[in-house]
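These protein sequences, in sequence, are chains G and U. Numbering follows our numbering, with no gaps: position 362 of the first sequence is 414. Numbering follows our numbering, with no gaps: position 227 of the second sequence is 279.
It should be emphasised that the hints constitute simulated quantities derived from the structure, not laboratory data. Each residue gets a CB set at the ideal place from its N, CA and C atoms; glycine is no exception. Heads up, some of the hints might be wrong.
Quick list of in silico lysine-lysine cross-link-like pairs, DSSO-like style, CA-CA up to 27 Å [as the list claims (entries may be wrong)]: (1) G:K109 <-> U:K109; (2) G:K108 <-> U:K361; (3) U:K336 <-> U:K351; (4) U:K336 <-> U:K434; (5) G:K336 <-> U:K108; (6) U:K133 <-> U:K157; (7) U:K157 <-> G:K197; (8) G:K108 <-> U:K336; (9) U:K361 <-> U:K351; (10) U:K108 <-> G:K157; (11) U:K108 <-> G:K364; (12) G:K364 <-> G:K295; (13) G:K336 <-> G:K108; (14) G:K472 <-> G:K68; (15) U:K414 <-> U:K386; (16) U:K274 <-> U:K133; (17) G:K68 <-> G:K449; (18) U:K108 <-> G:K434; (19) U:K109 <-> G:K361; (20) G:K108 <-> U:K108; (21) G:K108 <-> U:K351; (22) G:K109 <-> U:K414; (23) G:K364 <-> U:K434; (24) G:K108 <-> U:K434; (25) U:K498 <-> G:K109; (26) G:K108 <-> G:K472; (27) G:K108 <-> U:K109; (28) G:K386 <-> G:K421; (29) U:K109 <-> G:K336; (30) G:K109 <-> U:K336; (31) U:K352 <-> G:K109; (32) G:K361 <-> U:K157; (33) U:K274 <-> U:K498.
The following label-pair restraints were derived from C-beta to C-beta distances [to be verified]: (34) U:E221 <-> G:Q368: 28 to 34 Å; (35) U:M514 <-> G:Q368: 45 to 51 Å; (36) G:E113 <-> U:G428: 44 to 50 Å; (37) U:M514 <-> G:R180: 54 to 60 Å; (38) G:T199 <-> U:N301: 54 to 60 Å; (39) U:E221 <-> G:S382: 43 to 49 Å; (40) U:R404 <-> G:G428: 25 to 31 Å.
2 protein chains.
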Amino acid sequence: MEKKPETHLQETDFSKWFLQAIQQGDLFAYGPVRGTIIFKPDGYELWEHYQEAFNKKLRAEGIRNAYFPMLIPESYFLKEKDHVEGFAPELPWVTEAAGEELEEKLALRPTSETVIGGAMSEWINSYRDLPMELNQWANVFRWEKRTLPFLRTSEFLWQEGHTAHASEEEARERTMRMLNIYADLCENLLAMPVYAGQKTPSERFAGAVDTYSIEAMMKDTKAVQAGTSHYMGTNFADAFDIKYLNSDNQHTLAYTTSWGTSTRLLGALIMTHGDEQGLVFPPKIAPTQVVLIPAGNMKKNPDVLDKLKDIKRDLQDADLRVRLDDSNNSAGYKFNDAEVHGVPLRIEFGPRDMENNQVMIKMRDLDDKEALPLDGLVDAVKERLDKMQTRLLETAKEFRQAHEHYDIDTLEDLQAHIEKCEANGERPGWILAGWDGTDESEAAIKEATGFTSRNIPFNPPMEKTVDLYSGKPAKHTVWFARAY
Amino acid sequence: MEKKPETHLQETDFSKWFLQAIQQGDLFAYGPVRGTIIFKPDGYELWEHYQEAFNKKLRAEGIRNAYFPMLIPESYFLKEKDHVEGFAPELPWVTEAAGEELEEKLALRPTSETVIGGAMSEWINSYRDLPMELNQWANVFRWEKRTLPFLRTSEFLWQEGHTAHASEEEARERTMRMLNIYADLCENLLAMPVYAGQKTPSERFAGAVDTYSIEAMMKDTKAVQAGTSHYMGTNFADAFDIKYLNSDNQHTLAYTTSWGTSTRLLGALIMTHGDEQGLVFPPKIAPTQVVLIPAGNMKKNPDVLDKLKDIKRDLQDADLRVRLDDSNNSAGYKFNDAEVHGVPLRIEFGPRDMENNQVMIKMRDLDDKEALPLDGLVDAVKERLDKMQTRLLETAKEFRQAHEHYDIDTLEDLQAHIEKCEANGERPGWILAGWDGTDESEAAIKEATGFTSRNIPFNPPMEKTVDLYSGKPAKHTVWFARAY
Numbered sequence: 053m054e055k056k057p058e059t060h061l062q063e064t065d066f067s068k069w070f071l072q073a074i075q076q077g078d079l080f081a082y083g084p085v086r087g088t089i090i091f092k093p094d095g096y097e098l099w100e101h102y103q104e105a106f107n108k109k110l111r112a113e114g115i116r117n118a119y120f121p122m123l124i125p126e127s128y129f130l131k132e133k134d135h136v137e138g139f140a141p142e143l144p145w146v147t148e149a150a151g152e153e154l155e156e157k158l159a160l161r162p163t164s165e166t167v168i169g170g171a172m173s174e175w176i177n178s179y180r181d182l183p184m185e186l187n188q189w190a191n192v193f194r195w196e197k198r199t200l201p202f203l204r205t206s207e208f209l210w211q212e213g214h215t216a217h218a219s220e221e222e223a224r225e226r227t228m229r230m231l232n233i234y235a236d237l238c239e240n241l242l243a244m245p246v247y248a249g250q251k252t253p254s255e256r257f258a259g260a261v262d263t264y265s266i267e268a269m270m271k272d273t274k275a276v277q278a279g280t281s282h283y284m285g286t287n288f289a290d291a292f293d294i295k296y297l298n299s300d301n302q303h304t305l306a307y308t309t310s311w312g313t314s315t316r317l318l319g320a321l322i323m324t325h326g327d328e329q330g331l332v333f334p335p336k337i338a339p340t341q342v343v344l345i346p347a348g349n350m351k352k353n354p355d356v357l358d359k360l361k362d363i364k365r366d367l368q369d370a371d372l373r374v375r376l377d378d379s380n381n382s383a384g385y386k387f388n389d390a391e392v393h394g395v396p397l398r399i400e401f402g403p404r405d406m407e408n409n410q411v412m413i414k415m416r417d418l419d420d421k422e423a424l425p426l427d428g429l430v431d432a433v434k435e436r437l438d439k440m441q442t443r444l445l446e447t448a449k450e451f452r453q454a455h456e457h458y459d460i461d462t463l464e465d466l467q468a469h470i471e472k473c474e475a476n477g478e479r480p481g482w483i484l485a486g487w488d489g490t491d492e493s494e495a496a497i498k499e500a501t502g503f504t505s506r507n508i509p510f511n512p513p514m515e516k517t518v519d520l521y522s523g524k525p526a527k528h529t530v531w532f533a534r535a536y
Numbered sequence: 053m054e055k056k057p058e059t060h061l062q063e064t065d066f067s068k069w070f071l072q073a074i075q076q077g078d079l080f081a082y083g084p085v086r087g088t089i090i091f092k093p094d095g096y097e098l099w100e101h102y103q104e105a106f107n108k109k110l111r112a113e114g115i116r117n118a119y120f121p122m123l124i125p126e127s128y129f130l131k132e133k134d135h136v137e138g139f140a141p142e143l144p145w146v147t148e149a150a151g152e153e154l155e156e157k158l159a160l161r162p163t164s165e166t167v168i169g170g171a172m173s174e175w176i177n178s179y180r181d182l183p184m185e186l187n188q189w190a191n192v193f194r195w196e197k198r199t200l201p202f203l204r205t206s207e208f209l210w211q212e213g214h215t216a217h218a219s220e221e222e223a224r225e226r227t228m229r230m231l232n233i234y235a236d237l238c239e240n241l242l243a244m245p246v247y248a249g250q251k252t253p254s255e256r257f258a259g260a261v262d263t264y265s266i267e268a269m270m271k272d273t274k275a276v277q278a279g280t281s282h283y284m285g286t287n288f289a290d291a292f293d294i295k296y297l298n299s300d301n302q303h304t305l306a307y308t309t310s311w312g313t314s315t316r317l318l319g320a321l322i323m324t325h326g327d328e329q330g331l332v333f334p335p336k337i338a339p340t341q342v343v344l345i346p347a348g349n350m351k352k353n354p355d356v357l358d359k360l361k362d363i364k365r366d367l368q369d370a371d372l373r374v375r376l377d378d379s380n381n382s383a384g385y386k387f388n389d390a391e392v393h394g395v396p397l398r399i400e401f402g403p404r405d406m407e408n409n410q411v412m413i414k415m416r417d418l419d420d421k422e423a424l425p426l427d428g429l430v431d432a433v434k435e436r437l438d439k440m441q442t443r444l445l446e447t448a449k450e451f452r453q454a455h456e457h458y459d460i461d462t463l464e465d466l467q468a469h470i471e472k473c474e475a476n477g478e479r480p481g482w483i484l485a486g487w488d489g490t491d492e493s494e495a496a497i498k499e500a501t502g503f504t505s506r507n508i509p510f511n512p513p514m515e516k517t518v519d520l521y522s523g524k525p526a527k528h529t530v531w532f533a534r535a536y
C-alpha cells in the first residue's frame, strides 16, 4: 500500500498547505517551463467567472475589449525610460523565427502600455476621439526569480485597461473608478475584503505618476496586492506622441491611465478562504456550487438516484452549478472529495431522507448539518448559498480586523512584536504606521523586518502622526506588512 | 480638401476590397511586428460572440476549458517526428530571458499537442480517467511568409481541443462530432455554408492519422479552410507516453484527437457576406445589430431624440445590441457609417414618422426601405433580423452553387475553364473532380492551375469516377479550388 502523503497544516506551514490545497483541489499543475503553470478546469473556471463579472462592469462603463499583439519590438520599450528600466530585468525575448535571426528582438509583453500607446497615437486625432478606453484579456510574461503558483508565475493571465483623456481630472476619475470596481469585485464576488489606497513612490508602476492598489490580507497575514490602477499623467503620451487637436485647434498631449487584475486574484482567493480541509470557495465564484451525494447503496435503491437526478435538474434550472457524485466510491470518500474541491454546499440524500421528504445539507464553512424539506428546496439552497457568500466576507473581515495593529509606533516596537509572534507561533499581521514620506524610512523598515509599505489607505482605521522609523512627523498613514 | 481615397471594388480587386472593408469597418489595425494585427473592438467582439456560442456547445458536450503554458521547450517538439517537421519552419523562439541566455530554447506555441500530451501522460493512469477532454482559448504563433489580416497572421487567436480515449471508435466519434459542431456554427451563427470532408494525406495535420475539415467558398470563389478536426490514432500517445491501465490491468496507449477553429473565421465571415458598400454581418454575430438614426434637425425636435432613446431601451431590454447615432453628422454620413460597419438593421425616425407612429427600417442586405408601426416594433425588428440571418445563409449557398463545377473532367478542361473565366472577368469557382489517390495527381493539378485539393466531401453533389490528371479510375471525389 502506498504511503499516505504527509498532511500540511495551514496553521504550521502555510506555504506547503497552499500547494497541497491547490493540488488536491485540482486547480493547477506545473508547466514544463520554470515558473509556468497549467490552469486545470476548476482553476480556469474561477477565472472565467471573474471575466464574466468584470466584463459586465466594463459594459456598464462603456469600455470595450480589444486585443493587441503579444510581441513588442525592443525599440518600443526604449521610448519610456522609467518603463524600460522597470521591466527590462524580467523580459523574455524572441530572437529568432522561422530559422532566421531577427533584425530586432521582440519582447513577450509584460504589460501593453507601449504597444497600445503606439496604436492610440495613430487613432487619436481630435478631442472628439477622446476619451478612448480599451481593455484586453491576455497572457503576459515576467521572468521572476521566485515563483509561486497563481501568485507569481512566469506567464500569467490578466486584464489590462488603457485609457486616454483630454483632461487630468477625467483621467484621474477613471483611475479611481476602476480601483473602486476592483474593490467591489473583490468584496462582492471573491468575498475578500481589501484596503484601497495609494502606493508610495518606491512601489509605483514603472512610468506612472500615481499608482493606486487594493491590498488583501491572507490567512498567514501576508498581503497580496490584488489590483492596481495607474494615473500616467502625460508620461506615455509624451513618449508615444499621443496628441489630439483640442477645440482651439492646438496639438495637446493626452492624459492616460492603465489598470489591471490578474490570475493572482485566484491565489488570493484560496489563501483568504481555505481551511485545514482544503479549498473553500465563495458560492458566486465556485466552479461547483452544490454537490449531490447519495447515501446508502445506490444499486439497492435506484429510486434514490432517480430522485437525486430530479433535484439536480431543478437546481440547474435555477442556474446553479451542480454535480452529482454517482461514482462507486464510499460516501466518506465523496464527502472528502467535495471538501478538498471547495464546494460550498453538499446535499446528502438516502432512503430514509426519501421517506421523510427531506435532504441533509452541509455548508463547507460550517460544522453542523441541517435537514431541508424537499418542498421548496431550490429556494432554500439559494438562500443558504447567499448567506455563505456574506458570511465568508464577514469572516475574512473579522480575521483581518484581528490581525491589524494600530499601536506599534517605533521600529523597536515592531521588532519586538514580530519576535513575540514568532515565539508564540502567531502571525505578525499588518501594522498601521506613520510615514514621513521618505524612501529611507521605508527601506530601513523593510531591511529590519521584511515589512513593506502596502498602501496609504483612503480610509485608514485611524490617523498616525509619527514616522515609525525616523520619529519625525508623519505625512501619511500607511499599511505595512510582509507581502507576496 | 483631402483627396478622397480610391474605392476598391469587390468585383475587380477582391484583395484590396477586403483590406478596405475591414479598415473602414474598424475591425483591425496592423501591429508593430510583421504579420501581426490589432483586433479593434468590433473585430474582437465578433470573436467574443463566437466564443460564447462555442463554449455553449462545449458545455453540452461535457468538455471543459483549461489553459496551458504558451512556451514549449524544444525537446517537447522533437518527440513527435512528423509534428516537428511540420511546424519547425514556422516557429518563433525565445532564446533569452531576464538578461540571460536560456539553456534550452522555447517555442511560442503554434498548437499545443505537445504540452497537453505531456500533461495528459501524467494525469491519465487508469481507464477511469478516460475520456479526458479539454479545450483552451489561446494565442498561437506561426511565422508565415505571406500574411493577410485575419486569414493568416503571425499571431492569431483560436480554440484548440484535445482529447484522449480508450478506444479508436470513441476517438473517431469525437473527431466527427467536433467537425459537425464547427459546421453547425458556421452555418447557423456565421451564415456561412461549408463542405465537411476528409483532407487528402498531403494536406494532413503534422502527426495526424486522419484530418477532416470544413471548407467555405469566399466571394472571390477562393476556399477558406474554416476548421479542422484530427484523429491522431496513437501517434501522440506513443510520443508522449499517454498510457492507461485498462480493466485487465494492462498498460495501453490512448487514442487522441485535436480540433481547432481560429480568428481566420472572421476573415471568412467578411469575405462571405461583404458587398460593394463594405461589411455585412449576420445578425447573430453582429457587434451592433440595430442602429438608430434621427432624421431632420435634432435640436428643433427634441421629442424625436427622446423617443429614439425609448426605442433604444426597448430593443436593449429585448437583448438586442443597439447603437443610437446622435452625433452631429448628417443623416447621409450616418447611413454610410452604419453600412461600412456592417450593421444589419437601420432604423430612421423623424418628425413625420413621429406623427405617423412609425419608423422606417432598412436592412443592410436589401435595397428597399420599409415602414414599421411603433406598436409591436421590438417583435417586428427581431423577426426582420431572424429573416436576414436565414437569408444571408441562403444567398451564400446560392452563390456557392453558382460557382461549383461538376463537368470538368480533365486538366485541359480545367485550364480552358480558367482561361475563359479570366478572359471574361469571371471567378473560376470550385471544381468537383475524381482523384486517383496519388500525391502526384494533386501536385500536377496545383502546379498547372493553382487549384489544390480542399477535401473529400462526405456528401458530394455527385460522384466522379475518373482522375482529373491521370485519367485513371478515381478513388475519391474531391473539391479542388484556389485557397487562402
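Cross-check of the supplied hints:
1. G:K109 <-> U:K109: holds (26 Å)
2. G:K108 <-> U:K361: holds (21 Å)
3. U:K336 <-> U:K351: violated (34 Å)
4. U:K336 <-> U:K434: holds (11 Å)
5. G:K336 <-> U:K108: holds (20 Å)
6. U:K133 <-> U:K157: Satisfied, since the Cα-Cα distance of roughly 18 Å is no more than 27 Å.
7. U:K157 <-> G:K197: Roughly 18 Å between the alpha carbons, so the hint for K157 of chain U and K197 of chain G holds.
8. G:K108 <-> U:K336: holds (20 Å)
9. U:K361 <-> U:K351: holds (15 Å)
10. U:K108 <-> G:K157: Violated. K108 of chain U to K157 of chain G sits at ~40 Å, over the 27 Å cutoff.
11. U:K108 <-> G:K364: Since the Cα atoms of K108 of chain U and K364 of chain G sit roughly 19 Å apart, the hinted pair holds (cutoff 27 Å).
12. G:K364 <-> G:K295: violated (57 Å)
13. G:K336 <-> G:K108: holds (15 Å)
14. G:K472 <-> G:K68: This hinted pair holds, its Cα atoms lying about 23 Å apart.
15. U:K414 <-> U:K386: holds (13 Å)
16. U:K274 <-> U:K133: Outside the cut-off at roughly 32 Å; violated.
17. G:K68 <-> G:K449: Holds: K68 of chain G and K449 of chain G sit about 24 Å apart, inside 27 Å.
18. U:K108 <-> G:K434: holds (24 Å)
19. U:K109 <-> G:K361: holds (22 Å)
20. G:K108 <-> U:K108: holds (18 Å)
21. G:K108 <-> U:K351: At roughly 33 Å apart (the allowed maximum being 27 Å), K351 of chain U and K108 of chain G break the hint.
22. G:K109 <-> U:K414: Violated. K109 of chain G to K414 of chain U sits at ~32 Å, over the 27 Å cutoff.
23. G:K364 <-> U:K434: Answer violated: K364 of chain G to K434 of chain U is near 34 Å, above 27 Å.
24. G:K108 <-> U:K434: Holds, at roughly 24 Å.
25. U:K498 <-> G:K109: violated (52 Å)
26. G:K108 <-> G:K472: violated (46 Å)
27. G:K108 <-> U:K109: Between K108 of chain G and K109 of chain U the Cα gap is close to 22 Å, so the pair holds against 27 Å.
28. G:K386 <-> G:K421: holds (16 Å)
29. U:K109 <-> G:K336: Within the cut-off at roughly 23 Å; holds.
30. G:K109 <-> U:K336: holds (23 Å)
31. U:K352 <-> G:K109: Roughly 36 Å between the alpha carbons, so the hint for K352 of chain U and K109 of chain G is violated.
32. G:K361 <-> U:K157: Violated, because 51 Å separates the two Cα atoms, which is more than 27 Å.
33. U:K274 <-> U:K498: The given pair, whose Cα atoms are some 14 Å apart, holds under the 27 Å limit.
34. U:E221 <-> G:Q368: 28 to 34 Å: Roughly 30 Å apart at Cβ, these two residues keep to the hinted range, so it holds.
35. U:M514 <-> G:Q368: 45 to 51 Å: holds (46 Å)
36. G:E113 <-> U:G428: 44 to 50 Å: violated (33 Å)
37. U:M514 <-> G:R180: 54 to 60 Å: holds (57 Å)
38. G:T199 <-> U:N301: 54 to 60 Å: violated (39 Å)
39. U:E221 <-> G:S382: 43 to 49 Å: At roughly 33 Å between Cβ atoms, S382 of chain G and E221 of chain U fall outside 43 to 49 Å, so the hint is violated.
40. U:R404 <-> G:G428: 25 to 31 Å: Violated: the Cβ-Cβ distance is about 56 Å, outside 25 to 31 Å.
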